[in-house]
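Residue numbers (this note's numbering), protein chains in the order written: chain A, 3 to 744; chain B, 140 to 371.
It should be emphasised that the hints constitute simulated quantities derived from the structure, not laboratory data.
Just so it is clear, CB atoms sit at the ideal spot from N, CA and C, and this is done for glycine as well.
Honestly, I wouldn't trust all of these hints.
[Claimed, not checked] Label-pair ranges, simulated between beta-carbon atoms:
{"no.": "1", "chain 1": "B", "residue 1": "Asp289", "chain 2": "A", "residue 2": "Lys408", "range": "33 to 39 Å"}
{"no.": "2", "chain 1": "B", "residue 1": "Ala365", "chain 2": "A", "residue 2": "Arg342", "range": "32 to 38 Å"}
{"no.": "3", "chain 1": "A", "residue 1": "Lys579", "chain 2": "B", "residue 2": "Ser314", "range": "27 to 33 Å"}
{"no.": "4", "chain 1": "B", "residue 1": "Gln247", "chain 2": "A", "residue 2": "Lys60", "range": "30 to 36 Å"}
{"no.": "5", "chain 1": "B", "residue 1": "Lys273", "chain 2": "A", "residue 2": "Glu141", "range": "34 to 40 Å"}
{"no.": "6", "chain 1": "A", "residue 1": "Arg342", "chain 2": "B", "residue 2": "Gly311", "range": "33 to 39 Å"}
{"no.": "7", "chain 1": "B", "residue 1": "Lys246", "chain 2": "A", "residue 2": "Lys404", "range": "40 to 46 Å"}
{"no.": "8", "chain 1": "B", "residue 1": "Gln247", "chain 2": "A", "residue 2": "Leu361", "range": "20 to 26 Å"}
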Amino acid sequence: MRDIDVTLDAAQKLGLLPEEYEKIKQLLGKNPNFTELSIYSVMWSEHCSYKNSIFWLKTLPRKGQKLLTEAGEENAGLIDIGDGLACCFKIESHNHPSAIEPYQGAATGVGGINRDIFTMGARPVAQLNSLRFGLPEHEKTKWLLKGVVKGIGDYGNAFGVPVVGGEVYFEECYSTNPLVNAMSVGIVKIGETISAISEGEGNPVYIVGSHTGKDGIHGATFASEDITESTSEKLPSVQVGDPFQEKLLLEASLEVIKSGTVLGMQDMGAAGIICSTSEMSAKGKHGMEIHLDKVPLRQQQMKPYEILLSESQERMLVVVKKGKEKEVERIFEKWDLNCRIIGKVTKGNALKFYMNGELVADVPADSLVLGGGAPVYKREYKEPSYYAETKKFSINNIPEPKDLKKISVCLAKNLNIASKKWVCEQYDSMVQTINMSTNCISDAAMVNIKGTNKALLLTVDCNGRYVHADPEAGAKIAVAEAARNIVCSGGEPAAITNCLNFGNPYVSEAYWQFVCAVKGMGEACKKFDTPVTGGNVSFYNQTIIDNKTEPIYPTPVIGMVGILDDKKNQMTLDFKKSGDIIFLLGTPREDINSSQYLVSYHNVKLSPPPFFDIDEEYKVQSVVKKLIKNKIIESAHDVSDGGLFITLLESAMPNELGFDIITPAEIRTDAFLFGESQSRIVVSVNPKNEISFIDFMMQSKIPSTLLGHVTKGKIQINDELWTPVKDYKNIYDNALTEYANE
Amino acid sequence: MKFGVVIFPGSNCDQDIIYVLETIMKQEVVKLWHKDTDLQDCQFIVLPGGFSYGDYLRSGAIARFSPIMEKIIEYANNGGYLMGICNGFQILCEAGLLPGALLRNIKQKFICKNIYIKTETKNTILTSEADLKKPLKVPIAHAEGRFYADNATLENLNKNAQILFRYCDEKGNCSESSNPNGSLDNIAGICNKNRNVFGMMPHPERASDEELFNTDGRMLFESLLANLKVKV
């Protein structure tokens, strides 16, 4: 076949830098042909190589007693949760595809992250997702929201893994670059996992699952560039998902792993066959000989580079023990899936790809991958000018409004705060009968591990506005909030996965945000003893429209897993009965920094993040843990978006109870009710436990404030009657539904 | 007693019903693979929820042609006990073992949430232990659950007391607002005229485990055991 001329120009068109093109020539000792060039362009893309992030990611705490595999070693993180079981989990972005094709973009995001879990031998048991859209009134928002939610629902519902939690935010900076981050969590017996490795010269290499088509070619490269007005021309870079095939692939994969015939397995995600063959080979220090004409194709006349780079979904590469071919083929036949030998493991490190007997590419496996030949860069970074601006903010310049009731109603129906019922009800949250939160809600989602005393606690958290205001502090808050959610549910934080959504790494201000956020995250993960098990970096999240660059808020989403050792210690967030006494743990402050209240009511866009002190946070969390273990409190709910008022409301609504509270004289009432300063938790106490509670708090030396008591349904603040809880509930529950349906 | 749970490609509630029958109700359960034709002498067969064959064409439309269905139709026509939950109900309607059809939800969306149903008859082995006054909290999770039947069929269903459950509110009132998917007359579950084939959209297996804090659905399985144990 005739090759396209390979020149620097061709290399640059595929997203490679001039110095990278030179490096490829050196590595190969010759000018690459077009197939080889394409291989390097995807494998060295940001998406696959982490070339601009890996230096900083390695500074994160990545070791811990519970970790069964180190970050980046396998397709997903793996932690020991006791009882001979491990939890396998990861979060990943699908932002760019979702920006132009929200339905398929989100659906394949769900498919991809679940494959990362079951390719390791774990059965996915829970999903969470973290979504960001533009402001509700932006012309694209509703289309993106509906498409993304339907995409996640249609894929996950058919696949049969419950969505147990997540977050949805609406901010201007995500208008044309939404964020779609999907997390999957699986369970596997320790010792029954399988690695993404290739071993043993002569062992057959299989491709299993769906046919390979022309979808998603250069998808990884596409994910590694800015979104512009012409981005929709990249539609062929978006993959198309089929959850039915994925479900069959899941069952067949777990069955074949159990049969003991498999040496290594890796799903095909970004960069398709080339990524799986090179990563498995580099890890196993072997080569492969692959015959591309053996790959089952969806369409005729696909070129070798198209077969290599295709991101067709629901496929796996499997290295099988020689002699076990029949057994493997029988299992895939049972599930009506393709299962085809496409090559074999070889000595050395060369990946040789053939098409109808002709060698079309010959590249050293390790030269392609992260930790091998892939480039590593430390980019320039510079503090952006807005950062100094944030510090000029003072609450003293903001007059305290008279009508706080009106503000409370506005906050309850603000789409960042209001119920996400419209979204959640489109997801199957109960399949697998393990979601303990359906009938009993806590700050973190609770997932039953049947047959043990344990449950998993799961949460995804990030307030991008705080991270924008101060990336280091904001990232710390994201980790702290995740840990707080787990602690308030009665559990112990164990480990995190992260999805780092940032702007263009070649823009020094955007890179500054990245570097600072990683520093903050690292410090917080050390403090809470939650090592990073892996995750995903998504750069280039910015939108160029009319030549003006609009970066997103830096959004390092934290997916945290916690363990509840004894299900009897589960803590819920709802008030239980009228007469129970309400306390606020932690220090109240006159702080409205970066609050939803400041942004939506006073229209102040720039201010520092809310007050946060990591040691104070740690102490508050420790106290809550003990209060729960000693059964002194009836409910626990942390103060976050919307401030204390919203926290009280969220505790009151489930049982349609109310609250009667007094606010302290020394703090402005608007700041006390709507400020978002961190490290505060609202608890309710049965009057019979009041004395033990007070004694306990005295000893703990953590400040606690008596707020008032739970009522039968009225809301009263400083002896003034506010709207009854029923009405708030109506507003809070229906705001998003009304928006979506109008 | 011995239960059989049919596994179609794309079934995804199979393990949930197996867990309830085996672990919670302590019964023998065998899995029946869709390519097989041996029903293994089961006394009660369940078609579980999920997306059999990816719901391609129409929910349940392809599953009814699978090898095992031929045997199951024969079994049901000979009086064998058979129940379809969610996708299983859709398959039973497609196979003609139950009257009516399940159309796309009136709001055109997949809905997953807790709803309430009230039992309409105690005259079946599935509902004999029911308290007709007590609404049951049982979740639904479907996009195509709007029960529909023509007038003559509906009349027969009513006349023969074949309607098992209707959607209601937590106080037991059936109204448009307590109808989550637009089903005809709030119908959530039915049986055939011979009262040996049952279908329902709500998932009782999702409301049977104390660890999930809702056991309203367990009554159905308790009824089955109370009725069938004696017979065997």
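(Q) Within 33 to 39 Å: is that where the Cβ-Cβ distance between Arg342 of chain A and Gly311 of chain B falls? (A) violated, 57 Å
Q. At the C-beta level, are Asp289 of chain B and Lys408 of chain A separated by a distance inside 33 to 39 Å?
A. violated, 53 Å
Q) So the hint says 27 to 33 Å: do the beta-carbon atoms of Lys579 of chain A and Ser314 of chain B match that? A) holds, 30 Å
Q: Evaluate the given range 20 to 26 Å for the C-beta pair formed by Gln247 of chain B and Leu361 of chain A.
A: violated, 53 Å
Q) Taking the beta carbons of Gln247 of chain B and Lys60 of chain A, is their distance inside 30 to 36 Å? A) violated, 48 Å
Q: May I ask you to test the hint 34 to 40 Å on the CB atoms belonging to Lys273 of chain B and Glu141 of chain A?
A: violated, 49 Å
Q) Is 40 to 46 Å right for how far apart the beta carbons of Lys246 of chain B and Lys404 of chain A are? A) At roughly 41 Å between Cβ atoms, Lys404 of chain A and Lys246 of chain B fall inside 40 to 46 Å, so the hint holds.
Q. If you check the beta carbons of Ala365 of chain B and Arg342 of chain A, does the distance land in 32 to 38 Å?
A. violated, 52 Å
The structure shown violates the earlier hints numbered 1, 2, 4, 5, 6, 8.
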